[in-house]
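> Given next are the chains, with one letter for each unit.
There are 6 protein chains.
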Amino acid sequence: MGRIPFLTPVVVPKIPPFPEPHVKWMFEAVEAWDQSCPADVGIVGVPFDRGVVIPRVGARLGPKSVRETLYNSTTYSYELDVDVSSLKVVDCGDVDVDIMNYGETHRRVEQVLKQILGSCMIPLIIGGDHSLTYPCVKALHRSEGENAKIGVIDFDAHLDCRVDWKECHGLWVREIQEMEGNPVEGRNIAQIGIRGFGYSTFYRDYVKKMGMRVFTAREVKDRGVHAVIEDSVKVATDGTDMVYISVDIDVLDQAFAPGTGVPSPGGLDSWELLSSIFY
Amino acid sequence: MGRIPFLTPVVVPKIPPFPEPHVKWMFEAVEAWDQSCPADVGIVGVPFDRGVVIPRVGARLGPKSVRETLYNSTTYSYELDVDVSSLKVVDCGDVDVDIMNYGETHRRVEQVLKQILGSCMIPLIIGGDHSLTYPCVKALHRSEGENAKIGVIDFDAHLDCRVDWKECHGLWVREIQEMEGNPVEGRNIAQIGIRGFGYSTFYRDYVKKMGMRVFTAREVKDRGVHAVIEDSVKVATDGTDMVYISVDIDVLDQAFAPGTGVPSPGGLDSWELLSSIFY
Amino acid sequence: MGRIPFLTPVVVPKIPPFPEPHVKWMFEAVEAWDQSCPADVGIVGVPFDRGVVIPRVGARLGPKSVRETLYNSTTYSYELDVDVSSLKVVDCGDVDVDIMNYGETHRRVEQVLKQILGSCMIPLIIGGDHSLTYPCVKALHRSEGENAKIGVIDFDAHLDCRVDWKECHGLWVREIQEMEGNPVEGRNIAQIGIRGFGYSTFYRDYVKKMGMRVFTAREVKDRGVHAVIEDSVKVATDGTDMVYISVDIDVLDQAFAPGTGVPSPGGLDSWELLSSIFY
Amino acid sequence: MGRIPFLTPVVVPKIPPFPEPHVKWMFEAVEAWDQSCPADVGIVGVPFDRGVVIPRVGARLGPKSVRETLYNSTTYSYELDVDVSSLKVVDCGDVDVDIMNYGETHRRVEQVLKQILGSCMIPLIIGGDHSLTYPCVKALHRSEGENAKIGVIDFDAHLDCRVDWKECHGLWVREIQEMEGNPVEGRNIAQIGIRGFGYSTFYRDYVKKMGMRVFTAREVKDRGVHAVIEDSVKVATDGTDMVYISVDIDVLDQAFAPGTGVPSPGGLDSWELLSSIFY
Amino acid sequence: MGRIPFLTPVVVPKIPPFPEPHVKWMFEAVEAWDQSCPADVGIVGVPFDRGVVIPRVGARLGPKSVRETLYNSTTYSYELDVDVSSLKVVDCGDVDVDIMNYGETHRRVEQVLKQILGSCMIPLIIGGDHSLTYPCVKALHRSEGENAKIGVIDFDAHLDCRVDWKECHGLWVREIQEMEGNPVEGRNIAQIGIRGFGYSTFYRDYVKKMGMRVFTAREVKDRGVHAVIEDSVKVATDGTDMVYISVDIDVLDQAFAPGTGVPSPGGLDSWELLSSIFY
Amino acid sequence: MGRIPFLTPVVVPKIPPFPEPHVKWMFEAVEAWDQSCPADVGIVGVPFDRGVVIPRVGARLGPKSVRETLYNSTTYSYELDVDVSSLKVVDCGDVDVDIMNYGETHRRVEQVLKQILGSCMIPLIIGGDHSLTYPCVKALHRSEGENAKIGVIDFDAHLDCRVDWKECHGLWVREIQEMEGNPVEGRNIAQIGIRGFGYSTFYRDYVKKMGMRVFTAREVKDRGVHAVIEDSVKVATDGTDMVYISVDIDVLDQAFAPGTGVPSPGGLDSWELLSSIFY
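Residue numbers (this note's numbering), protein chains in the order written: chain V, -10 to 268; chain Y, -10 to 268; chain S, -10 to 268; chain L, -10 to 268; chain X, -10 to 268; chain A, -10 to 268.
In isolation and in its complexed conformation, chain V is listed as follows (with noise of 0.2 Å):
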């Protein structure tokens, strides 16, 4: 297989800030992935934002921060109890973004990840704006054929399921259920910490026509996330093939993520959204 194209490594460094040889640092065992190797995980960024149309950008700082947190960390967590290091991990490095052009670097990230999940590894993507889901689920799509169904949990305070624009981050729950197929079907698709004054009965009744299951943040809050989390998996895993995992970090409450581009209060504390991930 040829290079990847619009792909480039990120490369990580080895060194640790002191030496520390009884525990393993996660940039000591994730390596960048040299396009061929298989792996079990395999790390894409896409710092682009140009999806975003409120004042608050900065999304495509994304992959760059997350790295960089995520470097900080050792592969074991007590808590959890759960090594890391028993998956192999690469960084498959950022998608080449175009800046300035929001359907050219939607095309790019759905070849880059077309090719990624043919190597067979579970792609952990990076962003960047919630626009970006839809090349991703596209590529998802494309990579397993015709027939594959696909079921979604999306963690979100908002439905993003605008009809009034275009080029934006607040469209792609849309736009997955109207891909040609049909791989994605409103009843697959569980959403999880929708919450505020944002939308319409229009939005109501859509929700209700495509079958989609919307968990508010007030049933996170009275049925407990973990019977929540139970639900979804069932919604979206029943007659799909696979589940696509989306977070977009304004689930939480804006005490617990103040940067966010639309912070909204009432939200998932930072527990309730780890918990669900390692559920």
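Heads up, the list lumps identical chains together, so a pair's fine if it works in one copy or across two of them.
Within a straight-line C-alpha distance of at most 30 Å, the following computed DSS-like cross-link-like pairs (lysine-lysine) qualify: (1) K138 to K103; (2) K223 to K197; (3) K198 to K13; (4) K198 to K138; (5) K197 to K77; (6) K77 to K223; (7) K53 to K103; (8) K77 to K53; (9) K138 to K223; (10) K13 to K197; (11) K155 to K197; (12) K155 to K13; (13) K53 to K13; (14) K198 to K155; (15) K155 to K53; (16) K77 to K103; (17) K155 to K138.
Since the hints were made in silico from the structure, they are not lab data.
All of these numbers come straight from a predicted model, not from anything done at the bench.
Position chains Y, S, L, X and A relative to chain V; hints supplied.
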């Protein structure tokens, strides 16, 4: 009826940031009040904080900030399945405060509120410092008649019953119990979220003597917010003709409202407060 | 007894911001200690953070900041119905640290604490970085006699058992288990709030070997803080003569203590910590 | 004349924070424009920053912020002995931008400006990102006739002549020199405050070829701002019919304008800029 | 002499952060005043800002903050070749303010200052809001006798001659010229750094009528700070018996004093102010 | 030559944020050094700040931050008409520091620098705290031979000649004058920007005895930066074989470098510093 003195319209801009026909923005739904038409709810701002005696001032910016946030929302919440546009909401404007004169400003607030209440709207008052609740409750009393009884539900970290101060934000709960005709009795006052080291046994005895019902933050956490709200509603409605609800933003833990004048830990989270308001 | 060396009085101002006869301010209740009079509780500051090896330093400002907050309170909490002025609380002042000399500062802390403990007060020690717990526990051991057994309850995000470091804030839990005479046994150590990716299976095995009881943040959330505290107290009092309680502020979720050196998500909220302390 | 399309009035509040008869506040002096009455100066806002390609966005908040600051002033400066109320200043409102459509927004700006210029006012345009200067200059050209010549004085850290970009804030100086009919010649463009490592010899040669006059920040510092302004005025008025003045706030050193998109050191201080404007 | 009422000692800590025998720290050199011993300079704090009518309060924290900074210095400046320890400097403490009572606080300040002046010290007064200059000048007048004449040099962005306000920080320059016996004449007042749009021709005429000498920020920049100071000293000493120097920190450009209540651009830089003070 | 020990490459990313063929970005021009090829300038990072004894740490982040800023620039400055790409600049990487061991880190810095100097590059060293200048000057001396004489130009607010401290950022100017063989004489040391109250007559006498030339910030302001630089160059080159230039960012006024460890007013502005460096 002539113009209400000391009340200045605040014009609500009508144009959304970008056209979005499938939602209704709050600023499209809320009209400036012409001081005559009937409405369900009337927003009134009081940009006054001379009652604040600590160095963290700024409550006078409340009406401006709350309006900016409010009008940045749509009228519909998926979480609550509520569309505010089923009510007629008007913006009455701001009371003309005299920033250097506590007594004069209180007089104007009382006078304006009394006339707004005469229009049969439910006023939604945006302060300003907490001292303003006193003239608001007075106006409510005056407008409802000599023998009307008023219950109060107060979300607050503090008892606000100081006896050593005057003209400040820490004594309105005492003041409303000392009103002529005794329209507000201690046994109809519920305070939710009280916490911290800020009082004395003198005030504990005062609370007991007056028969007030104090739900500490600890009680909210241990019993759950729903149970506390249910009890509070019973307290405030027991033999009363109407209920006044007051929210001091410092009822929230300082992580959720870091900009308040007297931030303190161990308070409610934003969901607990929203959940109480949308009870 | 002569003056205690290396201990400098911190004078507590006596005048409240404005006269308020119906409360007692903490700074009116807490007297500077004359190094002879008996008291129930003695506040001791240790403005030292040379044990911090990361770039977010500042724990040396702890005694100053905590005193400012503390003295800004009254002696009575309505929430707890507790009046601190029923105890005699004195302020012993700050230990004279040598900001550039870790070992010398530790020696001074141990020496000062031993003499304060000789006065039969319960010391309330305000750090300073977490390495300081080691000389404090040593002083406790020395003052109580050769055979005294000590239990420890530690609120912390981290295990603090590092073996690759020396002279730093991450190893005191190991150090106290290696003290001569073995006054602190692993089976009497309860750690509450541990979380995140920061260790290795080596440390898991160390915890198991030593018999320490670790309550992860996840366990606190799942079982409730009251149950965890009850268990912790059992662990720390099982066969011991006294209990040392240590609070690392990073036990709180980063939303509640954003200024700490190593902030991390998924931690306790402020009510859970306060509720544990006021158990 | 009918209403100008794509122009929305911004209502100017009339009530000062507290009564002060001996001064005239700017918001008392500036009236909302009724799109017909003659005036000397017309304020026009353009809340658009889609031309910004870096992560520090927010220029769209410019009209709101500048109006708040401006209207918080009185009409008289003792320093300059100037009373703005000797002019008739009106607020024309904001251009209706399409936040997601660069080209459409530029067309609207040009169209609105042309009509305002037809009213014989001097427009005072508050952006918005710097790309907006292009449609403004175009409108000026159109309104003044085919053969009118325009000089430009630009306060800026950057040359804004990019050839590799399109639809962005870094190329309007090139665009205005490529306008049909050649109304702006390089020899009539003065740029003041240029500095930093951001270009190439290609751009140096471009500047030379076009005959532009660049006053670097260093030249301002070495020769003094008065001399540079004098020269700039000569450049911009030499054979031209009118002068367009543009201020990019990043002409200021980053200590004086820390919030700008591309802050850089070695720039002008606030006095040097004010002194140039009030030349 | 008995104790001075309304004056509370502020104890100066004696221990440096770490031992450094070759310098003398300011907190080692400045002693708490025992209200009897003679000294050259006496520091007096007035933690009062109730005269501030804008939302950016906090001047009451001035004495605390200035002392912390001051005592963090040594007594010697290489730049000036001056050793402050050649003077006897004492810390007189803080005036007991009544934070809610402007008039009462002013009376106390005047009374305390008069007694301190009776001890023949030069007081170094740390505010607090600028209204406090009025009682200070009154005290100076009272202590020096009926016929003493006082010159004033005021570093300030604002004229502070408001006639529409009372009990606030914007009118002391008018008040001192209206004192009985006329000890301060306009022709002996020099104001340095005045700028911005904040007044009216009414105030220009007032300045002219009173004969005050106003050096605008622009004049400082154009003529240089040395020339302006020289002129100011002439103005303030022409026929007077003593000079009062007042520094409002907003004389600095907002880049140099961003925390002040009314920040404004075009002001002095920190060197220009320091250079004036150490003239 | 074998690999240089204790030196870790820092990989420079090669892809610009978006394609721009008409400029050359610095990260395209600077190559990672292979430890053998000849070059004109070699960038060396030393991420170490254990020599900082105050609570504002973070200088260890210097190499990371400076590289991010640097590589965000192009190679050409219009202001200076200089294209850096006419030099061969390589990035040698970071010295492997031992964050907890001052002496060991200094030894490594000296050793690495000596070998880099052996490659005939001019090293551009990015700290790290100011103590690191000592091993750098030592390496310079060792690499140039026994009798080489070194001049030093130091931009700094502080004299850095402490005699009471060891292992800290405040004494390297003394240390370099006490080196064996006396390669740096006081009469060849020029310090620019010294100011503030931080020393004593002891240090004044030390400066005089050693024959150092101190240009205070005041002298820079009064005489102009060009004259001072001219004098400094004379001092540092008088009879020396080479000159070491050191920049402590606190030479800037605190408005221009607010994040430095010991910010102070009255310093240079950013233009004065840049203008000196590009002299």
